[in-house]
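Here's the letter readout for the chains.
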Amino acid sequence: MAKFIAKRVALGLITLFLLSVLVFFMANVLPGNVGRRVLGPFASPQAVAALNHQLGTDQPLVTQYVDQMKGYLKGDMGTTVATRQPVSDVLWPALWRSAKLAILAFIIVVPLSILGGVYAALHEGSLRDRVITVGGLSAAAVPDFVWAVVLLIVFSLGLGLLPSTAAFPDGSGVLTQVKYLLLPAFCLVFVLFGYIARMARAGTIESLDADYTRTAVIKGLPQRAVLRRHVLRNSLLPTIAVIATQVGYLMGGLVVIELIFNYQGIGQMIFRAATQKDFPSLEAAVLVVGVVFLVSTLIADILYSVLNPRVRLGGAES
Amino acid sequence: MSQRETTRRVDAIRAGSSELENHLIDEYDAGHISRRDFVRRGTVIGMSVPIIGFLASACGTGKKTSTGGASTGTAVQAGGKEVQVRPGGTLKLGMSPGPTTEIDPIKVADEGGLGVMSQSGEFLSWSDNKLQLQPRLAESWKPNADGSVWTFKIRQGVKFHDGTTMTANDVASSMNALSDPKNGSNALSTFAGVLSKDSAKAVDDSTVTFELDGPNGNFPYLVSSDNYNALIVPASFSGKWEKTFPGTGPWKMERYTPNSGISYVKNADYWDKSRVPKLDRQEVKFYPKEQAQILAMQSGEVDVLVHFSPTGGRALLNDPNITVIELRSSVHREVHMRNDKAPFNDKRVRQAMALAVDRKALVNGLFGGKADIGNDSPFAPVFPTTDKSVPQREQDLAKAKALMQEAGVNGASVELNTWDGFELSDLAQLLQTYGQKIGLRLTPNVTDAGTYYGDAVFGKSPWLDSTMGITDYGHRGVPNLFLTAQLTSKGVWNAAHFRNPTYDGLVKEYVQALDIGAQRAAAKKIQVLLLDETPNIYPYFYFFLTSTKKNVGNVEVSAMGHYDITKAGFTTGS
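As they're listed, the protein sequences go chains D and Y. Here the first sequence stands for residues 837 to 1154, where the numbers follow the working numbering. Here the second sequence stands for residues 4 to 577, where the numbers follow the working numbering.
Chain Y extracted, bound-state conformation (with noise of 0.2 Å):
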């Protein structure tokens, strides 16, 4: 194409967007975001995918930004490029623990129940392994001039495994039956605030709007794959999801046993014929413990494990049979210290015991150098409107012993509770022995995860009412739930209790920024005020881990713990 065409074809897609996408164009055609966000960022807004695709290449310079975000990636080693698979068989998976409680769209909480579920039914977009959203059942998607209302065009022609045809009304309603506080729908902390009940209207059979309590400009994230409860059923959906698994999805389930597996057949009436599953069939064995399907993967009875930690399976980490797909994530732990409470009443103590914690030797030691380093904020390194030009905290004794003698406190006893989970027990160990260098006498009480999250409500949980303590938070594709329910002053997940107006206000400014430029502004400033306060310390957050056989080709993950294998098979020649 000509330079000409090109000018001729940037300024007609120019000429139909909004003024919010052309903001957008803008920024990416004077440097300041790079490709990635851009696409990124762009899908968010819901322009559609090849305009971005024409527009990235058009108007790019390709050069990066200081601000970066161009190393954010996601995926770390994301298992290549599409490879050639033959087609047919039947791809064995395995899941720890698998699902653990009933499969329920509205209700279901872990990590077992999402995978499963995402593999016969859809969500309006799919979050990919890249963050980007991916259109799936809806088209595209407009927010108005604040972000306070957005319009989803529903895909037309699309039909549930039972033959009925899927509308705009089955969306509104599925949207409806989250939002509800009557159905205790688990999406209703991520609603909280932001769509309330009998939010989303049908307007037409291919129209959903969704009128938000106040502008939100990552909402489209949080009606996409990300928010793994937004699955859409059908309208008539009574609540016994798991005899059929009705939905839209490229999988139809054929066999399910609760607590042992779970096997599906190809939907070759999917939708989206590009995605049709080049396999036949796919079976997925639950596993209770990691270490058995650890053993499963190195035995050859599964070719897939759909996630490992990094802690429970070094074995595989080296071994030359077996590829490991690694995905940077927002998975972190936050190290609650109570604002309101001796001797973390004084920020001084507080930034001290962060300035205590040698990260690097917790990401080697804990995790193999598969994690990144936290810089005590909930913006993690794979989120694009985090600003890396924030410097990092590293070890400073010589400083934290310094803030504790100003703040007068030596010797001081605290007991750090958490839970008998992952690296939880190792992590308040070391954390013991990081308090003891600067005086602090941290004593760890780890109990099993119910007692320590209670009754998950402030005054009936060692978790929301200790001095201290670890709290193990899963992956989410943008922020905002981290930063408004761990630490504004209502936050309902706040065990810091920390209380601070200019948070709030901060990320307020964070949450209705509907461009990345203000994002990433608001950033800053939230970044800079949590490295100064430190009412949590995030060490690290660790990468989401993925293995396969080395004759399987083509598996995607996301660090929610869904997983594509659309185009997945054995490859050819294996």
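For reference, chain D alone in the conformation it holds in the complex (with noise of 0.2 Å):
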């Protein structure tokens, strides 16, 4: 196992650098520079020369990203271009906002999902089932900022039930900060329900039909310890494995949600920090959504290995 997690952060690594020449370069490679992007199109050559000095941006790339890159070694950031503003003064309190919606959200969607996916493999063919598995599968297959507008229209604007907005106001209690959040974290149910409960309805079914199931129904078990002991601990492996890989999604792919409801969050910060030119703010975001990618992923992985006593990574059954 040790052995297992020490490959995979040496190849995380690899993969983080890689990924920060890849957004740095490309980043830099679209027209346009950054003086001129902060300043505008109508400031003086004078103006923008004398602010991409101030900002450094004047300097060859390679020489930009290696003070970058040093500057990540020692712990600092950089200065964001546009706010000029420390990059982590920005970053974490995004990240902590982007983490409360992901948790919102999967507070509701886990239980729901697998309840919902177990339900119907228990009921496998009937209405019941179709209900849930098309039902799932359509809500999917409804972009998120679609189910954004249809719940803004309905709750927001119509019954006035919830605000329009996630921002919730500073020093909010849980209680107001989850009422601000339920908008955009339903949006996200809606998307990953259908996803998470066919993998539970899933791996139910295979497990109703595994060999142990039908030994501890004929040794005399009563349904609901079957259920419990042998169904659910086997048929939940895919499952947990795939929710552990949405945390990635969840943490920094939200752009469109967190742009309609104002929602300060990472991917709302990787979108401004792209479309200005931001390029410490960017490079920093997608480092920090690639971390919490290569981290989701790794604890999938751990997880499953330690949920299921067959599996033993990186070649540790020997």
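For the record, the hints were derived by calculation from the structure and aren't laboratory data. All C-beta atoms, glycine included, are put in the ideal place defined by N, C-alpha and C. No false leads were slipped in.
When the alpha-carbon atoms are kept at most 27 Å apart in a straight line, the in silico BS3-like pairs for lysine-lysine are as follows:
1) D:Lys910 to Y:Lys246
2) Y:Lys162 to Y:Lys281
3) Y:Lys243 to Y:Lys204
4) Y:Lys292 to D:Lys936
Distance ranges between label pairs, derived from CB positions:
5) Y:Arg89 to D:Thr1012: 21 to 29 Å
6) D:Gly1007 to Y:Arg89: 19 to 27 Å
7) D:Gly1007 to Y:Gln398: 55 to 63 Å
8) D:Leu948 to Y:Thr93: 33 to 41 Å
9) D:Gly996 to Y:Glu397: 44 to 52 Å
For the chain D half of the interface with chain Y, some residues (derived, Cβ under 8 Å), not all of them:
10) Gly876
11) Pro877
12) Gln882
13) Ala883
14) Arg920
15) Gln921
16) Leu988
17) Ile1096
18) Gln1100
19) Gln1104
Join these two chains into a complex; the hints should help.
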């Protein structure tokens, strides 16, 4: 296991390095220069040159990249180009806000979809099964921003029950924050429900057909015990892995949802940084999302191994 | 007051007035200019507001002039008269996209930045929604005989929020910081050829003189709120303005979170007691996308949207729960046609393209009628110097086709460049349709803003180098910058590559003119020349729209993006 983790961490570091190179140089090949983007098209060339000099964006690209990486090694992520704040002052609160939204979405969708999937499996082929599987798939097929608009029209503009923004006021309590985050969280629930429920359903059906389940039933265990001890324990393994891999998406891929609900998460930070040619922010945010992806998939693998003794990672079976 | 007393007072004012002021009074008295133009021009040349008010009543004939401007108001529907509001409370405002860069008076260039900056900071004067200059940190101002030196009397007893006293030295230092090229100020474009480094001098604690590069009749506008960089900051200003928002204004910054929002509390010690805010606080939320702020307004989360576009906010226009404030403005699109490149090096082709455009359809289709029709010059109807007797160019396809035939151009292909913001890509497609009607094949090339503007210098910018393109321009209270930068031979934004010595001479005449009659005479010649040469098409000037809840009163905005809520509040009974 330790060897496996060490190998994955090493590969992860190489991936992050390549990611940083890609993001930096690809963003820099886009036309337009940073000073011009910040000051606007009608600023004088002297003003633009002065700002570029101040920001260091008049230096060769390799110098800029090396300077940035040196900063990372010292724990300094640099300064945002547009608002001239330390990147870390923007990044960590944004990441925490995205995490809050992701946690709420998970709290709703994980039990709901697992219950739905197991229920559908137990009633395989029935109308209830079809409603859950087809309904879940249909919901997942609708893009998250469409859900956002529908939910906003119904619950915010129509019924006036929930706010149209996810940006809760500073100093809000947990319940107020949940109220503000419910609509965007439900957009994610609709998108993820079908996917997770299908995995849970498939795993449950497979477990129900397995020899160990038949043996448990034959030896006279009550149905509830069979389900809890034998079916669910085995059927949820792939589901847990799927859930863990969704963490990366929820923590960095919600650009549109965060824009629609005006939520200052990491998705919106990436969008803003990309449109403003704010390379220090873009680089840092993409790398952090990369780390979240790597860590969540690593945790998924480890969890899978821990829950399923038949799996031994990294050749550790010897 | 008896007629005799009125006459005596008018004579007394005239005796103490300069030649320039007397000329303006004569023009008004003779009915050559409207009351509104008299007031507006009076504020520009530095006449005091009470005297202007008295003379406007005492001398004016009230008759409307043929050259007009009487209808060139700005507030199409300025939210009505001042209403009674309850003192106290917090007003919530929405702003899209909010400040996109560090808020630094020297460098700020975006509407969000200038909007929040001018709550706690102030200017020498305030260009209001009628384009009249209201004295703020300057009590009065006067030009010398030819308008090359302007002297500003600085208000005394005004304090910055940190308690230090504002003096003429702070004013001179603020202005010199803007005109010094090494600071990279965003105002360098405005001050080019007008105000050079170290040209502002504090003569004493209450007097600042500006020695200009040449005569300029509209100079007070260039140091008013119309030039949003011209905020007065302490001479000790270190460059980190957004830490404390140091200023003299009616609002003190309470908390600022970049990209999220800002809140202010009222400055109870504000120097002008009539403008101490009636509200206790204001909270501004920033929305990166316009649709999010429209939803926030509809769902009641904000009380005011400082600015929304006619295209993005149509839902608000007919909402019975919302009041929309409309301001005429000089916001426009310039469709440039390279005068030195085929097919537009023949002015008949440029004229034909301009004649193919159905401006009324554009205004109705793109803006639901919330725009003024343009007449192919930067002279927007909102400017008092715009000569409305110049015939309006209308769509005339037969004439356009005949001109194309005369020019021997048929089936020419031209790339039409613009970027994917506002209504620009829609306009590009509509121009493509109009081009087809006269045998011009226009191919829209819509990129992102960074690609379109490039480095914004000749040779490195699709905006300035392309044969044809559409560029977005914001509001200005006077057309000077548009006339010089967009169209003079050395203009830094002359995308049409228009070189016309006669035009250059007329612009110089216009800029130097001190009285409105001379400005209007030069304006007419410029308008006629541009209509004939058609270096650019100016299809429309669209309105600046603000929305408020029905129970909110007295919100004032300027088309530049500044807002003034010192008198605003929640209406009594709401």
